[in-house]
Structure formats: C-alpha cells, structure tokens
Amino acid sequence: AQTVTQSQPEMSVQEAETVTLSCTYDTSESDYYLFWYKQPPSRQMILVIRQEAYKQQNATENRFSVNFQKAAKSFSLKISDSQLGDAAMYFCAYRSDDMRFGAGTRLTVKP
Amino acid sequence: KAGVTQTPRYLIKTRGQQVTLSCSPISGHRSVSWYQQTPGQGLQFLFEYFSETQRNKGNFPGRFSGRQFSNSRSEMNVSTLELGDSALYLCASTTGGPYNEQFFGPGTRLTVL
Numbered sequence: 020a021q022t023v024t025q026s027q028p029e030m031s032v033q034e035a036e037t038v039t040l041s042c043t044y045d046t047s048e049s050d051y052y053l054f055w056y057k058q059p060p061s062r063q064m065i066l067v068i069r070q071e072a073y074k075q076q077n078a079t080e081n082r083f084s085v086n087f088q089k090a091a092k093s094f095s096l097k098i099s100d101s102q103l104g105d106a107a108m109y110f111c112a113y114r115s116d117d118m119r120f121g122a123g124t125r126l127t128v129k130p
Numbered sequence: 004k005a006g007v008t009q010t011p012r013y014l015i016k017t018r019g020q021q022v023t024l025s026c027s028p029i030s031g032h033r034s035v036s037w038y039q040q041t042p043g044q045g046l047q048f049l050f051e052y053f054s055e056t057q058r059n060k061g062n063f064p065g066r067f068s069g070r071q072f073s074n075s076r077s078e079m080n081v082s083t084l085e086l087g088d089s090a091l092y093l094c095a096s097t098t099g100g101p102y103n104e105q106f107f108g109p110g111t112r113l114t115v116l
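Respectively, the protein sequence lines represent chains A and B.
With the working numbering as the guide, the letters of the first sequence map in order to residues 20 to 130.
With the working numbering as the guide, the letters of the second sequence map in order to residues 4 to 116.
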C-alpha cells in the first residue's frame, strides 16, 4: 500500500525567510501524481502545488517550489519569502488510484 | 462559481445512531471524494464517486457508505455510529482526472457521544 510520510510535525520560519517541508512516499507504481495542500486554521484545504511523476522538471508556483526526487521517492516543498499568511497545516499527498495524505506539518511564521 | 458546500456543518449524534452527510460539488465537477480527518489518524480517504459510480474505496468498514446523484451531489452515510467516528468529514470535487486539483469543502464536524 502506498504510504506518505511527513517527518516534521511542526516547523517554524521567520517572515521573509525560506523553509523546506519534507515528504517521502512509498509506492511500486511508476505513474502517479504528487500534491501539496495547505489547510489554514479553520479554513478550507487548498492546493499549493502539484507534480506529475513522469515529469522530471520540478514544479514551481510563485514562491512555492518542489524538489522531486523520484528515485528517492522524495517530494519536498520549499516556501521562499515566507509570509504570515503561509501559516497553516501542510499536507503532502500521493495519488494513483486514490489519494493518500501524509500526517501534515504545522508551519508557524514568526513576524 | 460557488465552491463546494457541505451540510450540515456540525452534527452531534449518539452511539448506535446513523447519520447522512451531504456534499454539493462545484458546478461541472463530476467527481466527488470523501475524507475523514482526525487528530490521530490524519486525513484518510473514504471513497470517490464519478458519474454516479463508486470509483475507489478506502479501507473503512461497511458502516460507511456513499452515493452520488445524477446532478453530482453526493451523500455519505454512517450507520451504527461509534465514538471513534467523531471526526471532520471533508468532501472534495474535481472535474475527474487524477491530476486535477481537488476543491475541498469546509467539512462537517461530527461528534458522537
């Protein structure tokens, strides 16, 4: 069964600094999709960034980028120029047949 | 475009009862997925419906069931509620492809006493 592991339950970053959230997954599939979702406090989950496994180029969305290492089954999220509004729970997710989420990383942004 | 709506937002039930939760996807979205979110187990996939057919199912007991209507609205039902069913139940909709962004609703907070 596919599993998604986020080894950092909590992370903290200073405003305007850069932070990297880790995610590893286990799968025997060759074709799948990876996502990072953000869940702000008491607000709805929203997509941050996504990556197709067959694409070697790392996805980038403004201040958010990923480091996708397929062989290592690693999919980390880098947030540059952190802002107060980035504070949230971040979930890494894997999708093949169904969607599997990691346990989440709570990100705190310090002013 | 209106977002994903879920009703009710909060629900309190007692053990042994059953409950039905509703999800209205974004207009034009044909796929609806359901998730259970708890502090201990995190986000767990329940099932996915596409065009009224269950496409995938997570590892939950048969007490958890769902369906989708022709207008893509979906319901999930939990029978014989247990204390451990207390959770935030999230619904997400997408146009259907696995790479497509899932749009999440605000969730239904179920408390079982």
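Bear in mind the hints are in silico, worked out from the structure with no lab data behind them.
Where a beta carbon is used, it is the ideal one built from N, C-alpha and C, also for glycine.
One should not assume that every hint holds.
To be clear about the criterion: a stretch of chain B counts as covered by chain A if any three or more of its residues have a C-beta under 8 Å from a C-beta of chain A, and this derived list gives those stretches [said to hold, decoys possible]:
| # | segment |
| --- | --- |
| 1 | 16–30 |
| 2 | 97–104 |
Computed, partial: chain A to chain B, Cβ under 10 Å [as the list claims (entries may be wrong)]:
| # | residue |
| --- | --- |
| 3 | Glu-34 |
| 4 | Ala-35 |
| 5 | Val-38 |
| 6 | Ser-41 |
| 7 | Asp-45 |
| 8 | Tyr-56 |
| 9 | Gln-58 |
| 10 | Gln-63 |
| 11 | Ile-65 |
| 12 | Met-118 |
| 13 | Ala-122 |
| task | Starting from the hint list further up, note which numbers the structure goes against and sort them upward. | result | 1, 3, 4, 5, 6, 7
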